[in-house]
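Protein chains: 2
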Amino acid sequence: MNDKAVRTMAQMYKALGDPTRLQIIAKLSQQRERCVSDLVREFTLSQPTISTHLKVLREEGYLIERRDGKNTFYSLNVFSPNPEIRTIIGLVSAQLLTRE
Amino acid sequence: MNDKAVRTMAQMYKALGDPTRLQIIAKLSQQRERCVSDLVREFTLSQPTISTHLKVLREEGYLIERRDGKNTFYSLNVFSPNPEIRTIIGLVSAQLLTRE
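Same order as they appear, the protein sequences are chains A and B. By our numbering, the letter at position 3 of the first sequence is numbered 3, and the numbering carries on one by one without gaps. By our numbering, the letter at position 43 of the second sequence is numbered 43, and the numbering carries on one by one without gaps.
The shape of chain A in the complex, shown without the other chains (with noise of 0.2 angstroms):
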């Protein structure tokens, strides 16, 4: 088995092991794009904490970004280039569904 990949998809499951972290990824279910403003409102958390979330759901592929202006706005990477993202997104976000 190879240590480095494995390590590489332990680090793509724990981005998800964070409950704020799967409600933002509930959120943008529900609609399209967010910016940090909008998520620090919905969550009452400091900007920095989901700043921080957004980081790690971005840097394991599962959210993109786009600057507009001073916004930086967030969606779910459901064109990912890499099948299991888009696997991924497609199971946790129907699971997000049956918790509302």
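Any given hint could be a false lead.
If chains are identical, the list can't say which one is meant, so a pair holds when it fits in one copy or spans any two.
[What the hints assert, rightly or not] List time: in silico DSS-like cross-link candidates among lysine-lysine, alpha-carbon distance up to 25 angstroms:
(1) K27 <-> K4
(2) K70 <-> K27
(3) K27 <-> K55
(4) K55 <-> K70
Derived from the structure by calculation, the hints contain no laboratory data.
Starting from the structure of chain A, add chain B where the hints point.
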């Protein structure tokens, strides 16, 4: 969103966010059952470390255990009544196979 349900879901993914636990799943997807001492030998990790990893995977529903005399055997819970567990086991096993 149901907070408790999302926390439970985060725990399910967190359990997969560890390379050793993924390697245990990989081994069990190649061979139906292993006991703790088999895994200790294969991983060159201590027995308590392996047991802790097995406990996490079992508590989240990914593994079942079967006692036979002094030995406890572990296998993937591929017939779990929870369809999410069955889906995730299938997905993770397939991903691990591509990383061999």
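Comparing the hints with the structure gives:
1. For the homomeric pair K27 and K4, the shortest alpha-carbon distance between copies (17 angstroms) is at most 25 angstroms, but the shortest distance inside one copy (32 angstroms) is not.
2. Only within a single protomer do K70 and K27 lie at most 25 angstroms apart by alpha-carbon distance; the minimum there is 22 angstroms, versus 49 angstroms between protomers.
3. In this assembly of identical chains, K27 and K55 lie within 25 angstroms of each other by CA distance solely inside one copy; the values are 16 angstroms within and 32 angstroms between copies.
4. For a Cα distance limit of 25 angstroms, the shortest separation of K55 from K70 inside one copy, 17 angstroms, qualifies, whereas the shortest one across copies, 47 angstroms, does not.
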